[in-house]
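Novice: Listed here are the chains, written in short residue letters.
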Amino acid sequence: MLGLRDYLQIYTGIEIIKWDNQEGIVAMDSQDLPDILAYCLEMKPRPIWLTHVVNDERQLGNDFCLYLILHFPDKDFTLTLVAKGIKDEFPSLSLILPALNWSEREAQDLFGLRAVGHPDPRTLVLHPGWPKNFHPLRKDYKTGKEYKSFKRGPLVFPEMHGEGIFQVPVGPIHAGIIEPGHFRFYVIGEPVLHLEAQLFYTHKGIEKLLEGKSLEEGLLIIERVCGVCAVSHGLAYCEAIEKLANIELPRQVLLWRTILAELERVYNHIGDIGNMCAGVGFALGNANGSQSKENLQRLNLEFFGHRFLRGMVVPGGIKSVPGPKDSQEILNRLMELANDFEDWIPLLLEHDGFRQRAVTTGVLKTESAIDLGVTGPAARASGVAYDWRELHSHLLYPELMVKSVVEHNGDVWARLMVRVKETRESFRFLETLLRKGMQEAGRSSYIMNTFSNKLIPWQGAWGCVESPRGTDVIWLMLDDKGKIYRCRIRSASYANWPAVPLTVPGNIVPDFPLINKSFELCYSCCDR
Amino acid sequence: MWSILLRKLKMGSLTEKHEDSLIPHKSSDLPSNFRKSLQIRHLDCGSCNGCDWEMTALGNSLYDHQHFGIDFVASPRHADLLMCTGPGSTQLVNAAHETYEAMAKPKWVMAVGDCAIDGGVFKGAYASAGGIGKVLPVDIKVPGCPPKPDDMIKALLEFMGRKSVS
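Protein chains in written order, with our numbering: chain A, 1 to 528; chain B, 1001 to 1166.
Check each hint, because a few of them may be wrong.
No more than 30 Å apart at the CA atoms, straight line, and that leaves these computed lysine-lysine pairs for DSSO-like [what the hints assert, rightly or not]: (1) K151/A <-> K1123/B; (2) K1134/B <-> K1148/B; (3) K1008/B <-> K151/A; (4) K213/A <-> K1123/B; (5) K1105/B <-> K148/A; (6) K481/A <-> K75/A; (7) K142/A <-> K1134/B; (8) K18/A <-> K421/A; (9) K421/A <-> K1154/B; (10) K139/A <-> K1123/B; (11) K1123/B <-> K148/A; (12) K483/A <-> K213/A; (13) K148/A <-> K132/A; (14) K325/A <-> K1010/B; (15) K243/A <-> K1123/B; (16) K87/A <-> K132/A; (17) K1141/B <-> K1154/B; (18) K421/A <-> K44/A; (19) K213/A <-> K1141/B; (20) K151/A <-> K1105/B; (21) K148/A <-> K1107/B; (22) K1010/B <-> K1107/B; (23) K44/A <-> K403/A; (24) K436/A <-> K75/A; (25) K421/A <-> K1008/B; (26) K403/A <-> K365/A; (27) K132/A <-> K213/A; (28) K1134/B <-> K1107/B; (29) K213/A <-> K1148/B; (30) K1134/B <-> K1105/B; (31) K1105/B <-> K319/A.
If you want a taste of the chain B side facing chain A, the calculated C-beta under 10 Å gives, among others [unchecked claim]: (32) K1010; (33) W1053; (34) L1062; (35) N1094.
Take a look, some chain A residues computed to stay more than 10 Å from chain B by CB distance [said to hold, decoys possible]: (36) H161; (37) V225; (38) K365; (39) D480.
Rather than coming from a laboratory, the hints here were simulated on the basis of the structure. Heads up, the beta-carbon is just placed ideally off N, CA and C, and yes, glycines get one too.
Turn these sequences into a full structure, and let the hints steer you where they fit.
Specialist: Okay, here's the thing in structure tokens:
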């Protein structure tokens, strides 16, 4: 990474705050950001976008700051580009890295800054209808009862003209037990020409709510950003805190955290496989998937106290660790479920009707996946070998020697196959980890209470975890009282949603539920 | 086909509670013709997805809500009960009202989960109403974060004037 370091030094106003083998933090003028980002993206292998954070640091004398975090996969090196001193506008980077499209529009909405040169003038997070100059993430904006002053305005959609073109509006409330979002299909005959997805109906203002909260209060909220990725979000949050406190964790904690992350992956993947069958009305597959998921969630409840594994991961430790006897029981039950999985999965994979619906449906091209910064099974199904468990050395993943499961067709079937193979892998990892857990007996709980005075204030730290839907990133800054100053949540769904509408044109409207379910994105952690 | 049949034979019936284990409970406010079959519309008002997944779980073979006469319908026009999750996110409030208005009378609203009841952990967020009760008239509350499928089934059966023995 020294070449990059030398290159950066040709810019005046560059300040290298930190540079070691794992991590670099470099401050610069916001006007130099486009050039530097373009240079970084030219490097081989191409770095991965982790998160984009805007922070109001006017109280610290830095005006608004922008943090852009890139990860260089071959060196496992993370570079944070910091642009300080932003007054009311910053140069848009979306044309260089389209993945930043949503983040920049979000910064415009919530901070009232202007991304100069951004191609899409519409608001994103805040729908039309909020009071003028409502920019809740500015520190001087004291939020109160704004929800009472919201008057719904008309949403803006592109117009389309031509013979035989018509629009099919769907949502925000859907026919089923699903989260809300509005989809507008531009259709010519049966095939879809274009799809616009209007999300952020479940936007609650969590990032603002987190500000000023203690770390424990923060954890409760973070675990509820996404109901089914509670472990991943909690882990990413704890990782950020542990970085700020500079603490090393005992091996047992790392081990059980890895087990929890894999348990979450297994129950989600199996549920998602079942749900993909629901997307085509294939009841047999759906029934098997959902009952398998139910059994896994019951196991979660029995041994970890919560069906969604909430409350287990705490900053600096883990709440309770099952003893050897319970571990053996968990292992037995998991192996039974793994055998059951092998029993029913052929019913699905060998079903011609299902296969016909899934193959060549909803293709996400490799280039689009890379440009949009798509992550998780969706990226791996499009030939992007990107799995945070493999790329970054953390938890016990290096010992498990994780290899990204890659498929190349980018269609619904490929996303299904990635999940199927990853489920098998996760069962295997769980077996290894549980056996290790039984051999290396430790305490029954690890809660560290002594790190609060070690927390470094006013410094950003990121935590990153591969959730079942892709990489979740949490960026955290604390104030000098140990309270949250800014917390940015970039969930996998947030990164992946912009890619979904691209995969629909050319398919017919009835294929959309299947395509949507094959991405299996969460609206809640995208909208926050 | 043989493999499916064999699997079915091996597994037997998975559904846990049966119609005959139900006893009449206390008197219900429901008109008698609603007590045997209840049609539900789900409405997500900004939940974290947890309650929604637990509601989806009601349909799996282990709970199987349909054998209690409970079903989820695709349109509010067909629904007797609106099961609401989430604290009532501001940008969805209009749609929530429209959904409620579209239901035929008589109609009821159930607040599912802590944040639907009083905002839960999202209390005080700028784009949330702090409970679905601030948006729609709530008749029944099911606490929990999220409530377990068992709790939901119990609440629904109780609402229908029935009670499960187990």
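Novice: Now tell me, hint by hint, if it's right for this structure.
Specialist: Structure-based check of each hint:
no.	hint	result
1	K151/A <-> K1123/B	holds, 21 Å
2	K1134/B <-> K1148/B	holds, 24 Å
3	K1008/B <-> K151/A	violated, 54 Å
4	K213/A <-> K1123/B	holds, 13 Å
5	K1105/B <-> K148/A	holds, 27 Å
6	K481/A <-> K75/A	violated, 35 Å
7	K142/A <-> K1134/B	holds, 22 Å
8	K18/A <-> K421/A	violated, 39 Å
9	K421/A <-> K1154/B	violated, 37 Å
10	K139/A <-> K1123/B	holds, 19 Å
11	K1123/B <-> K148/A	holds, 15 Å
12	K483/A <-> K213/A	holds, 6 Å
13	K148/A <-> K132/A	holds, 14 Å
14	K325/A <-> K1010/B	holds, 28 Å
15	K243/A <-> K1123/B	holds, 29 Å
16	K87/A <-> K132/A	holds, 19 Å
17	K1141/B <-> K1154/B	holds, 12 Å
18	K421/A <-> K44/A	holds, 28 Å
19	K213/A <-> K1141/B	holds, 28 Å
20	K151/A <-> K1105/B	holds, 27 Å
21	K148/A <-> K1107/B	holds, 26 Å
22	K1010/B <-> K1107/B	violated, 43 Å
23	K44/A <-> K403/A	holds, 20 Å
24	K436/A <-> K75/A	holds, 29 Å
25	K421/A <-> K1008/B	holds, 25 Å
26	K403/A <-> K365/A	holds, 22 Å
27	K132/A <-> K213/A	holds, 27 Å
28	K1134/B <-> K1107/B	holds, 17 Å
29	K213/A <-> K1148/B	holds, 28 Å
30	K1134/B <-> K1105/B	holds, 20 Å
31	K1105/B <-> K319/A	violated, 48 Å
32	K1010	holds, 9 Å
33	W1053	holds, 6 Å
34	L1062	holds, 5 Å
35	N1094	holds, 5 Å
36	H161	holds, 28 Å
37	V225	violated, 7 Å
38	K365	holds, 29 Å
39	D480	holds, 23 Å
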